[in-house]
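Chain residues, written in single-letter form:
Number of protein chains: 4
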Amino acid sequence: MTLGRRLTAEGIGTALLLAAVVGSGIQGERLAGGSVALALLANTLATGAALVALLLTFGPISGAHLNPAVTLADASRGGLGWRDVPGYLGAQIAGAVVGVAVANLMFGEPVFALSRHERHGPAQLLSEFVATFGLLSVVSGCSRLRSATAAPFAVGAYITAAYWFTASTSFANPAVTVARALTDTFTGARGGSPTGAGAPVRETGGEEVRMTLGRRLTAEGIGTALLLAAVVGSGI
Amino acid sequence: MTLGRRLTAEGIGTALLLAAVVGSGIQGERLAGGSVALALLANTLATGAALVALLLTFGPISGAHLNPAVTLADASRGGLGWRDVPGYLGAQIAGAVVGVAVANLMFGEPVFALSRHERHGPAQLLSEFVATFGLLSVVSGCSRLRSATAAPFAVGAYITAAYWFTASTSFANPAVTVARALTDTFTGARGGSPTGAGAPVRETGGEEVRMTLGRRLTAEGIGTALLLAAVVGSGI
Amino acid sequence: MTLGRRLTAEGIGTALLLAAVVGSGIQGERLAGGSVALALLANTLATGAALVALLLTFGPISGAHLNPAVTLADASRGGLGWRDVPGYLGAQIAGAVVGVAVANLMFGEPVFALSRHERHGPAQLLSEFVATFGLLSVVSGCSRLRSATAAPFAVGAYITAAYWFTASTSFANPAVTVARALTDTFTGARGGSPTGAGAPVRETGGEEVRMTLGRRLTAEGIGTALLLAAVVGSGI
Amino acid sequence: MTLGRRLTAEGIGTALLLAAVVGSGIQGERLAGGSVALALLANTLATGAALVALLLTFGPISGAHLNPAVTLADASRGGLGWRDVPGYLGAQIAGAVVGVAVANLMFGEPVFALSRHERHGPAQLLSEFVATFGLLSVVSGCSRLRSATAAPFAVGAYITAAYWFTASTSFANPAVTVARALTDTFTGARGGSPTGAGAPVRETGGEEVRMTLGRRLTAEGIGTALLLAAVVGSGI
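Chains as they are written, first to last, in our numbering: chain A, 1 to 236; chain B, 1 to 236; chain C, 1 to 236; chain D, 1 to 236.
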């Protein structure tokens with residue numbers, strides 16, 4: 001499989017993933033009549049199902065990482081060659097941004113709008129650490145199974161659970177973190193991961209948002225690096 | 001497997017699929033007490049589950065396309081012979097119409113009633129394009145897996161997500177598009193794809209409906225043709 | 001595998017299935033605060049999941065029919081020997097009755113109580129015909145797949161859908177039909193199949209219930225026989 | 001695989017399981033606006049999905065028992081050596097306690113808080129017996145399938161159903177029983193298994209809680225022992 005074809009698969013797959021995450025969040029919130037639990041149930045169902053479908057679909061082409069953290073973990077374990085990593089990351093982030101734009105357009109929202117949802121604090125950081133740790137464990141553990149279909153179900157199921165069991169409804173996916181800052185809807189996240197479900201919304205200037213995004217990505221980067229070191233070191 | 005048996009499988013399978021789509025929509029709306037999100041959750045759950053069951057069931061007989069777009073894509077890639085295509089399309093459309101009638105009868109609705117739900121505009125067209133593009137990608141990608149059971153789960157999961165992440169709750173299935181114009185219930189769609197969930201309902205004459213249906217099918221046809229060219233050309 | 005062990009598996013499996021069907025119906029209705037859609041969603045989720053678990057569990061022992069209609073269809077196609085059929089049917093019905101009693105006891109209901117839910121008419125009969133036809137198609141079609149795990153998922157998914165797309169929330173399972181007449185809770189059915197969700201409840205004498213049950217089982221028996229003839233004859 | 005690595009897998013897996021159970025219970029209750037059914041649906045979805053993901057992930061390393069009852073059943077059938085059993089049980093209980101603490105911290109609750117939820121009586125004991133019997137049957141039956149992926153789905157599906165069909169939303173897992181006594185949130189259980197959904201809450205002293213926990217574990221221990229004897233003896 002040529003690198004061009006693999007990058008196309010990563011880009012399209014991540015775009016469809018973000019379209020599903022953001023689009024189902026918009027539709028869920030619009031139809032839920034004010035019940036955040038119902039909106040998040042719809043969002044969760046659509047996200048988990050989309051992951052199963054997309055990982056089965058693009059797995060045979062590019063490995064279907066659709067996630068910079070998975071790409072880095074795979075390269076750390078000697079799966080993907082390091083020189084393919086920048087292309088993977090670029091395709092994922094570009095795809096994620098396109099996917100958010102597509103979702104916003106499908107529902108008549110502005111193509112891009114800076115999210116005003118926001119959450120802070122150590123509980124959120126712990127949530128993201130737990131979510132990322134769990135996701136990398138799932139990806140790593142399933143690679144031991146001699147089954148091309150186990151990991152798609154495991155990852156879809158894991159994210160289904162993580163939407164509910166982490167306080168940030170974290171995605172453990174930096175491409176999603178960036179892209180969700182670009183929609184001011186249910187799944188939008190000011191500088192990051194929370195769905196903002198139930199969060200108090202307040203107006204902020206663009207500058208502040210970019211700073212928060214920068215800080216959050218730095219925190220995610222350090223956390224991911226530590227995690228990768230731990231995961232690779234422990235061999236789990 | 002003889003052609004007659006395969007066409008019977010396509011017809012029965014598509015009829016059961018439409019019975020599930022339309023029937024669960026009626027039951028969901030009746031029991032949901034006005035919550036569109038709850039009705040659509042039930043409709044989604046039943047549709048996705050029916051797809052998994054029916055694709056596993058009829059896959060070994062006819063390939064379980066249950067969808068003219070899938071049949072055309074399969075023939076374009078050299079799977080199904082072109083001379084079997086008209087029979088497949090006819091069986092799918094006839095099955096879809098029978099399935100809608102069965103659902104209407106099971107719930108005491110008129111056998112056929114022109115849908116008065118309607119949605120228009122570029123956001124809807126984008127939704128249908130995205131939904132069809134995604135579905136054909138899923139079908140194409142899963143054909144690379146050496147597993148007869150991966151595609152049924154992937155397609156069921158994809159449609160589960162697409163009900164929520166597209167503004168039209170599109171089916172990416174022309175047979176469904178035709179058939180859903182024939183029920184004036186939750187999943188009914190005037191000339192096409194939307195569930196009409198939450199859509200303003202207004203009375204229209206039959207002539208206008210047929211025109212809308214004609215226009216929509218033309219748009220779907222052109223879109224599908226472009227998609228097929230792109231998919232086949234890119235080899236994804 | 002000895003016949004005794006297989007009959008034990010059929011009995012325990014059917015008992016657990018009915019405990020799941022009836023128990024989750026009670027719990028769903030108690031917690032749903034009057035929303036029938038929410039109660040049926042919980043009932044559907046639990047029933048579909050229980051079927052997946054139980055068919056995977058008891059499949060390797062007895063084939064996990066857990067359903068007289070499946071046993072008869074299997075014998076008709078030369079799978080199960082006809083002299084094992086009475087034992088299978090007896091174990092299934094006995095298991096189903098025990099399962100209802102267990103569910104009633106777990107939730108502090110009377111061990112047995114004649115159901116007062118009732119539905120009638122041609123729409124109900126059509127629903128049961130469609131449901132049974134679909135289930136036997138699923139079981140038959142999946143037997144062509146060389147996978148011991150496909151049928152459990154397909155049957156679980158099919159019943160998940162059928163709870164919503166048939167007007168009777170039919171089980172297509174005579175053992176369930178008998179047993180559900182013995183609980184006067186959410187899934188209870190006077191002489192048969194409906195969950196009675198949303199149905200007007202009225203008091204009836206035991207005699208009338210038994211007559212209705214008799215009539216319903218006769219109708220189901222004739223319908224199943226016709227179906228089996230059609231299915232076996234057509235070879236689908 | 002060294003014992004150290006297997007115990008690490010059991011500990012991490014059980015911690016993530018408890019984080020998912022308790023965390024999704026907190027989030028579900030917070031977002032459900034008073035609907036216990038909606039909160040339990042979210043809790044069920046997250047728990048079942050987490051089980052599928054974690055059993056697929058840690059199965060290839062340690063067998064992914066994540067449950068003292070499963071470890072004891074496995075040792076009884078000659079799977080795990082008896083001298084590894086104490087390590088497994090210790091890792092599971094320690095992991096469960098850590099997981100509850102992580103969930104409490106993620107949602108800003110006290111690290112540990114004795115649960116004030118409580119349920120009693122023979123109906124509860126029957127529920128736990130049925131739940132444990134079913135779980136051990138599922139684990140045992142699936143070991144006959146030549147598939148490394150069947151048991152994770154079967155167990156996840158079984159617990160999904162058991163949350164709804166038992167009056168105690170029992171986990172059939174002593175490590176969970178212990179750990180859930182340490183959170184005073186939706187899934188918290190005074191000395192044990194119930195989610196306490198809908199249960200009247202009343203203040204109790206710590207001493208009384210410990211006694212109840214002790215009594216409940218004794219009952220569970222005796223019940224599990226009897227079950228194991230029956231299961232091993234009958235060979236099901």
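Since the hints were derived computationally from the structure, they do not count as laboratory data.
A virtual CB, placed ideally from N, CA and C, is assigned to each residue, including glycine.
Incorrect hints may have been included.
Said to hold, decoys possible - Quick look at which bits of chain C chain D covers, simulated, 3 or more residues with Cβ under 8 Å: (1) 50-64; (2) 104-116.
Said to hold, decoys possible - The following residues of chain A were derived to be distant from chain D, with all beta-carbon distances above 10 Å: (3) MET1; (4) THR8; (5) LEU38; (6) LEU45; (7) VAL85; (8) ALA94; (9) VAL97; (10) LEU105; (11) VAL111; (12) PHE112; (13) ALA113; (14) VAL130; (15) ARG144; (16) ALA157.
Hint by hint, here is what the structure shows:
Only residues whose C-beta sits within less than 8 Å of a C-beta in chain D count toward coverage, and the stretch 50-64 of chain C has 10 of them, enough to reach three; the restraint holds. Only residues whose C-beta sits within less than 8 Å of a C-beta in chain D count toward coverage, and the stretch 104-116 of chain C has 4 of them, enough to reach three; the restraint holds. Every C-beta of chain D lies more than 10 Å from that of A/MET1, the closest at about 25 Å, which supports listing it as non-interface. No beta-carbon of chain D is positioned within 10 Å of the beta-carbon of A/THR8; the least distance is around 28 Å.
Chain D draws A/LEU38 into its interface by the beta-carbon criterion, the shortest separation being 7 Å against a cut-off of 10 Å. With 10 Å as the threshold on Cβ separation, the claim that A/LEU45 sits away from chain D is violated: the shortest Cβ distance comes to roughly 8 Å. With a cut of 10 Å on Cβ distances, A/VAL85 stays outside the contact zone with chain D, its closest approach being about 24 Å. At roughly 28 Å from the closest C-beta of chain D, the C-beta of A/ALA94 stays outside 10 Å, upholding its exclusion from the interface.
Every Cβ of chain D is farther than 10 Å from the Cβ of A/VAL97; the closest lies at roughly 28 Å, confirming the non-interface assignment. Every CB of chain D lies more than 10 Å from the CB of A/LEU105, the least distance being 28 Å, so the non-interface label holds. Listed as outside the interface, A/VAL111 is consistent with that label: its C-beta sits roughly 29 Å from the nearest C-beta of chain D, beyond the 10 Å cut-off. Every beta carbon of chain D lies more than 10 Å from that of A/PHE112, the smallest distance being close to 27 Å; the non-interface claim holds.
For A/ALA113, the requirement that its beta carbon stay farther than 10 Å from each beta carbon of chain D is met, with the minimum near 24 Å. Residue placement check: A/VAL130 does not keep its beta carbon more than 10 Å from all beta carbons of chain D (closest about 6 Å). With 10 Å as the threshold on Cβ separation, the claim that A/ARG144 sits away from chain D is violated: the shortest Cβ distance comes to roughly 4 Å. Annotated as non-interface, A/ALA157 brings its C-beta within 10 Å of a C-beta of chain D; the closest such distance is 4 Å.
Hint check: violations occur at hints 5, 6, 14, 15 and 16; the rest are consistent with the structure.
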